Each structure stands twice: as C-alpha cells, then as structure tokens.
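Protein sequences, first through last, are from chains A and B.
Counting along the first sequence from 1, when you hit position 264 you're at 264 in our numbering, and nothing is skipped either side.
For our numbering, add 1000 to where a residue sits in the second sequence, where the first one is 1.
The hints are simulated quantities; they were obtained by calculation from the structure and are not laboratory data.
Treat the hints loosely; a few may be bogus.
Quick list of in silico lysine-lysine cross-link-like pairs, BS3-like style, CA-CA up to 25 Å [claimed, not checked]:
id	chain 1	residue 1	chain 2	residue 2
1	A	K255	B	K1039
2	A	K55	B	K1455
3	A	K69	B	K1308
4	B	K1353	B	K1369
5	B	K1269	A	K255
6	B	K1455	B	K1422
7	B	K1327	A	K255
8	B	K1260	B	K1369
9	B	K1353	B	K1408
10	A	K55	B	K1410
11	A	K255	B	K1322
12	B	K1330	A	K55
13	B	K1369	A	K55
14	B	K1590	B	K1261
15	B	K1269	B	K1514
16	B	K1280	B	K1116
17	B	K1369	A	K69
18	B	K1280	B	K1068
19	A	K255	B	K1369
The model shown is predicted, which means the values in this text are computed figures rather than measured ones.
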Amino acid sequence: MLEKTVSTSYREGKSPFTLSMLRLWRNRLAMAALLVVILYILLALMGELNIFHIKDMASNNNFDLRYMKPFTHIEHLFGTDNFGRDVLSRAIMGTKISLFLGFVSGLLMIPIAIFFGSLSGYYSGWFDDVAMYIMSVIVAIPGMLIILSLIQVAGRSFFIIAFAFAVTGWVGLARVIRGSFMQAKEFEYVLAAKNLGAGDFRIIFRHILPNVFHFIIVRFVLNFVGVIKSEVFLAYVGLSIIGVPTWGTMLDDSKLELMSGNWQNLIAATLFMFLFLVSLNIFGDALRDSLDPKLKNVV
Amino acid sequence: MKRKLFISLLLVVLAGMALISCSQGPKEVKVLHRYVVSKIQPFDPAKMTDLYTASIYGDIGEALFQYKYTADTYQLEPLIATSMPTVSADGLVYTIKLRKDAYFYDPLKEVFPKGKGRAVNAHDFVYSIKRLADPANESGGWWLYDGYIKGLNEWAKNGADYSKVVEGFKALDDYTIQLTLTKPYPQILYTLAMPFTYPVPKELMDKYGDEWTNNPIGTGAYYLNHDETIPDSQYVLDKNPSWHGQKFPAAEEAGTAVTKKLGADVLKKYAGKKLPFVDKVVWYVLEESSVQWLKFLNGEIDFSGIPKDNFDSTVVNGKLTKEMISKGIKLDINPTLDVTYNFFNMDDPILGKNKKLRQAMSMAYNHEKALEIFYNGRAELAQTLIPPGLGGYDPNFKNPYATYNLEKAKQLLAEAGYPGGKGLPTFKYQMYSSSSTHRQMVEFFIDNMKDLGIKVEAVPGDWPTFLQRIDKHEVQLGGIAWGADYPDAQNFLQLNYGPNKAPGPNAANYDNPKFNALYKKGAFMQQSPERDKIYAEAAQIAAEDCPWIMGVHRLSYALEQPWLLTRVFRDIGAGYTKYLDIDTKMRDEKTKK
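Construct the complete structure from the given sequences, taking the supplied hints into account.
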C-alpha cells in the first residue's frame, strides 16, 4: 500500500498559561511551599469544623491546666496559656483569621485596583489625573494610620479590618495595572482589535486585562503576607478582635508571659506565622517568575 | 603687637571662665521617674475623677489641707490653710485662714507675665467650689458638697450666677473662708484635701478660654514643663521657684509603721529638711504592664507595682527573690482602701430591671479564679463595696453572689425569664484600655458569661472615652476600681447613692430609696458603732441588688529601687512627690552595672 511520506499528525501548541503552570510545576521549592499553604488551609478548615475539638480546645478555659509547658503532654503539644487553653489549637484557629483577612482584603482590593488602574491607564486624560491624585493622597498617608482610623471609626470586626487593609492596599496594584495598560494600549493587538471595531470595554476587559492578570494573581498571594504582618501589629497595639484567637493576640499575650518563662504563645504563633509567610513568599515569587513571559527562557 | 594683646586677653578670659566653672562644678539635677497606667484627662479640678490625672495634678496644685506624710493613719494638716479650722460649737460653721505666700506659678508667663503670679486667696477657693456646683460643668466632684453646704444647691439651681454670694461658702476677707454646713458633716474636712478643691485662677480661663485645661497653673511644689511634656506619653514637672515651701516632718511625728519602713536614722536625717528634694519629675504614661516592668528593671522608673505575669518570679512566699534582693530592690506590702468591680448600667431596660439576671451574671463570674489569675492572690474577694479597715465593713457577711456557682447562676437566669440566655441581646462591655492585661480581663468576663449562655461583646476605648461614655450613661457593662479619697466608708457608699448617678461617681446609676435613706442618715453622723451599723446595712442592700459584680480589695505590692530613699505608701491624697528623694550617685552606679 502506498503511503504519503509526510505525516499529517502534529503537536498542538500550549497556551502561555499552561506553559507558565508547567514552569511552576517544575519548581520543586515552589510546589513544597504550595503544599504547606494547602496544609494551612486544611488546618483552618479543620479548626472551623471543630474536627478533633480544635475550636473547643482553643476557646474553652481550663483553669486547672494553666501554663502547661510545651512538649510535656501529648494532648497539649505546645502547652497551654494563661486561661488553660490549648496553644496549638489557638495557633490553628489563628490560621483561619489570617486566611480570612488575606482573602477578603484581596477580594475587596482587586476590583478597586482594576477599576482605577485599567481606566486611568487606558484613557489617561482627566480620569488619570483624578485617579493619580487619589492614589497619591492615599500613598502619602501611612497605611497603618488609615487602618487605625478606620477601625476606630467604623468599629472593630474582621470585615472592617479586611476592608481597611483593602483601602490601603489597592494603590500599589492599581499603579502596576495602570502602567501595563499604558504600554499595552499601543500594542498591535489592541490596534487590531480597535480596527476590527471592538469597543473600549471589550478591549480593556477581554484583551488587555488577561495580559496583566499575572500581576493581580501574584499580588493577591503576596497580599496575605502584608495583611498577616499588619494584623499582628494591630493586635500588638491592642486593636484586634477581643475573644478570638489570632496570631497577633497570641504574641500580644506572650509579651506579658515571657518574663515569667512562659513562651508557649510566642513559639506557637511565631512558628505558624514564619512557616506560612515563608511559604507564601516562596510560592508568590515562583508564581511571578512563571507567569512573567519575559522570564520564560531564563534558566 | 595688637594681635598678641588680643590673644593674651582671650586666654585670660578663657582661663577665668574655666576657673569659675571648675569651682562651681556641674549642678546635679535630681530627676524622679514615676508612671501612671492610663492616659490622663484635661487638668480641670472640677472633673478630676480619676487617680491618674489627680496623681500628676497633685504635684502642681494644692488644697487647703493635706495628709501628714509620716503618720501611720490618715491625719490632716494645713497646706494652703495656716492652721486647722476653727469649728463652731454646733459643728456647722468652719472658719479657715489662708497663708498669704501661696503664689500661682505660670511657666508660660502668659497669664502672669512674671511667672510668679498673685497669691491664692479666699475668692479663688469660693470660685472653685462654685465651679463644682455649677451644672454647666457637669462636675464629677459635686457629690462632695451636694446638700451639705448652706445655699450652694440653691445657688446652682438659680442659674449659678458667680457674682452672687453663697451663704455657706464665702470669703470673710481675702484670706479667710467661712464654711457653713446644713447639718454637721465631719467628713467635710477630708474633701478640702482633694484635688477637686484645688484653686484655679480665674485669669487662666479668661486667657485661654476652653483651652485652659491644657495649661495647669497651681501653687504646688512643681509646675508643668510644657517644652518637655509629650501629651499621652510623658508629663515633665519642674521645681516651682516660687513655691511657699515646706519641711520634711520631724522624726517624732512619724508613726511606728513608717519608722519601721524608713528607719529612725533616715527620719532623723531628713527631719526639717526643705522640700521638695528632686528637681524634676517625669511622669510616664505606661499602659502596658510589660513596659512598666522592663523600665523598672532597667532602672528607668524609681518604684513600681508587680505585673501579674511577673509576680511568681519576683515574690516567693511573700518575700523577694534572691536576685531582686541582690540588686538592692525593696518590697513594700500594704493593704489598700479600694474595691474593684464590674458594673451594670441600671438605666439599661434589661439589666437594670432584672435583679435575678444580674445575680445570675454575678454568680457566673468566676471571682475566685479572677483573684488567682489577675491578682496572684494579692487581694481579698470583696463581699460588699466597703473595704476592710473602714467602719461599716462586716467581716462576717458573705455575699452569696460574690462567689462562683454556675449551676445556681443558670437556675437564677431561668428564673429571670431567660433560660440558657435565650431572648437576651448581646450585651456590650466597654473597655478602657488597649493593654494586654485589660484585654485578658475582658476576655475572662466574656468567657464566663458565655458559659452561662449570655453573649457579651467588647467595645474598644481608652480611659478618657470610657469616662465620657459613663457620664453619658452609654456604658452597658464596664469594669472599674475605686480607691479611697478619704478614710471613711461614706466615700465608698456614695458610689451607689442614687443622686450621685453619672456624671457623678455612681457609674452603675444604681438608685434604691432604701439605700439612699440609710446613706443620708449616716452621712451626717459622727463615726460611731451606730453609724457603722447603718453603713453595713446599706452595703448589704446594694450587695443583694447586684448593681455590681464584686471584685476584690487589693494589696499593694510595690518595688522600690535601692536609690529611692523616703517613700512611704500613701493610698489617699495626692502631691506626695515633694517628699521623695533619690540618691543619684547610687542610681548611676547601679544602672551602669
């Protein structure tokens, strides 16, 4: 039987996103960091669902077991605090709050950043002037000052705290998006879309935004780092939520306890925070590198 | 030639200056470091309801009388008055002569251009008492005189016209005050030693308007150094150059306990020495106990309490640890005339109207554990509002609601109509500080109520906000303490007296006619077993009604640095800094080590 010498089969090309994910997958350290982050999310879920009585052990007082030292009792691996509550459970419950704050503030921050960044970058002109003015004002005031004021005025709840973080955190991302839009609007694919009759809305959200979305993803991940650090600061100055275990309140408690040799709260909160922040940073960096098309051939 | 002459002259001048400076030596400035645990309020004597503001203002202002520093008991002696008052036979008319050399001192030289102002006079005191009575001022000190001074209530009711004379408190001449009471009221003299009665020059208000409370002007041993003061952080006081002066009490005047504390040799050494001893006083505002503690250990504070978390590592079996002793630190333990409590706002439609609900909440509060956790057992559980050591305190009375019994509390809650807490809203607990210890106390309260089935939410706030909200009856639940203003049970009972509702000191707004009647009856009586019985009965009525969840009567555990020389524990009164001395050489040596 006669056959053609040229095979018709061909390898289908991979999308840039798939290539990025492949690059990320090949980064072992990043994958390990992601695993740790997923573990934290699972822990937070376990805490919330009170699996292994984590929630009860974190909040129920047991005055007969006050200040148990770490690693002396299997049921209280990290020991107990001033009220006899299990320190490990409290650290796990603290994970939930940190994740909640990071997630909600990220969700609130991104739409604001996209709105201001994309429109001011794309249209320039008076809208850009106004947006830049607003951003400059927000940047000029120390972020923590705005957060403290908002909490004092609007009250203390985790949602308000997350909102306060979003209010101060969107500016950086909006500036990056604005810059990218200014560049992108001159590219050929945008000119082509315009010539084909695409409207501004379609060009902004269908064509340009997907090309800068990697900034947003990376920023979303790294936002957790900033928010967790700020929550700790807030708790340290006594502005966190009363009655809810967070890493910040644990550190706040520990400043009283250290002099009397009780370092349970300090060690647990620091360890949990350190591992989480390191993992987030590693993963965030790797994600940025893999999503950045300019770095795709960099070994 | 001219150049040589010039250089020679210059050398002579420089040598002369060096000689002068060597012969004088560097002037040693003695600085005492103290602290308050909360932000302070504006310096208005009429609103000086808290210990912290009064502590600082006590060094700037002065009253007619003060407490003897080295006596074991609280005995009054003249300060701006020249002598103790003459009292009429019926005990109604007091005549008080004033010294003529107590000058106001204005460090900014804006009210009194020379700094040293005019001498305080009888009219200043009359004006200050009128300010307490004036309804426009909403004074927290009005309860001191409400109903006791002839014509003062009427004056307040009839428009508080400052040009009109009040029959019961008037100036006979520039330096004589006549005080006429409605009924014999022996405690009146104690009130004349309180910061509420410190005279304020009217010129100060005329100069600054509403801002006058930021510029305190007094006749005391110290004045506020505006340049070095950082509000809410540190208040720096300097020696008043125009102070009238006073001497350290004679050794013979000292009580046995004080002699034991200071030592007969120290008392002899200091007797008759001119006060004040230190040139500068720095009052830090330190809300965090850990900061207070670290500052003390670093020698940056001259005496301090012991934070609860450091107690076990500092005091063992009532004695200081060897480490502390080796540093030369001294421990001074004294009972205090005070009471701590959580209060319900009796104007609240739910809390105020349901006695069983309050009783249930009181029994759900774990008093015994609170004593252990927050006070390391350095206190006694309060059964009523009267502390031990005062007439009216009944050692045999056991308050059934001042002990933890969760089962009984649940039963009472069901009887109150809220079984398991069903049907109750979330109550709001007003905080007064962002310190870790206070947060833990509030968490403890919230947890206790959660066990009962009652939800309580913390409302953040600082000390001034807390007091303002109490004054406006906006605090549903709160925690506070009261330290004696004078050594009489009446000073504690007035905290539950109906007419003293906020902005008076009755933060709970408790108003029981039976209690009020007993209080009034006792208020005009001399201290006697009969009056003690009346007061005990009143205290027990309040204990049954539970406007408060009783706390504790604390013991003072103070640590003194080895270089602090003349400190005596004083629970009542203000302005004792002038008696304190330090050995700066020793401080330098010890802190260098």
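Taking the hints in turn, this is what the structure says about them:
1. Proposed proximity of K255(A) and K1039(B) is supported: the alpha carbons are some 21 Å apart, at most 25 Å.
2. With a C-alpha separation of about 17 Å, the suggested pair K55(A) and K1455(B) falls inside the 25 Å cut-off, and the hint holds.
3. Using a Cα cut-off of 25 Å, the hinted pair K69(A) and K1308(B) holds, with the two alpha carbons roughly 18 Å apart.
4. Taking the CA atoms of K1353(B) and K1369(B), the gap is near 28 Å; set against the 25 Å cutoff, the hint is violated.
5. Among the hinted pairs, K1269(B) with K255(A) is inconsistent with the structure: their alpha-carbon atoms are about 42 Å apart, more than 25 Å.
6. For the hint linking K1455(B) to K1422(B), the alpha-carbon distance of about 10 Å falls within 25 Å, and the restraint holds.
7. For the suggested pair K1327(B) and K255(A), the alpha carbons sit about 23 Å apart, so the restraint of at most 25 Å is met.
8. With a C-alpha separation of about 34 Å, the suggested pair K1260(B) and K1369(B) falls outside the 25 Å cut-off, and the hint is violated.
9. Restraint check: the Cα-Cα separation between K1353(B) and K1408(B) comes to about 20 Å, which is no more than 25 Å; the hinted pair holds.
10. Proposed proximity of K55(A) and K1410(B) is supported: the alpha carbons are some 24 Å apart, at most 25 Å.
11. Note on K255(A) and K1322(B): the hinted pairing holds, with a Cα-Cα distance of about 24 Å set against a maximum of 25 Å.
12. Annotation: proposed proximity of K1330(B) to K55(A) is violated, straight-line Cα distance about 45 Å (limit 25 Å).
13. For the hint linking K1369(B) to K55(A), the alpha-carbon distance of about 23 Å falls within 25 Å, and the restraint holds.
14. As the CA atoms of K1590(B) and K1261(B) are separated by approximately 22 Å, the hinted pair is consistent with the 25 Å bound.
15. Restraint check: the Cα-Cα separation between K1269(B) and K1514(B) comes to about 54 Å, which exceeds 25 Å; the hinted pair is violated.
16. At roughly 18 Å between alpha-carbon atoms, K1280(B) and K1116(B) fall within 25 Å of each other, so this suggested pair holds.
17. At most 25 Å may separate the alpha-carbon atoms for a hinted pair to count; K1369(B) and K69(A) meet this at roughly 20 Å.
18. Distance check on the hinted pair: K1280(B) and K1068(B) sit about 23 Å apart at the alpha-carbon level, within 25 Å; holds.
19. In summary, the hint linking K255(A) to K1369(B) is supported, as the alpha carbons are separated by about 22 Å, within the 25 Å threshold.
Hints 4, 5, 8, 12 and 15 from the list above are not met by this structure, while the remaining hints are.
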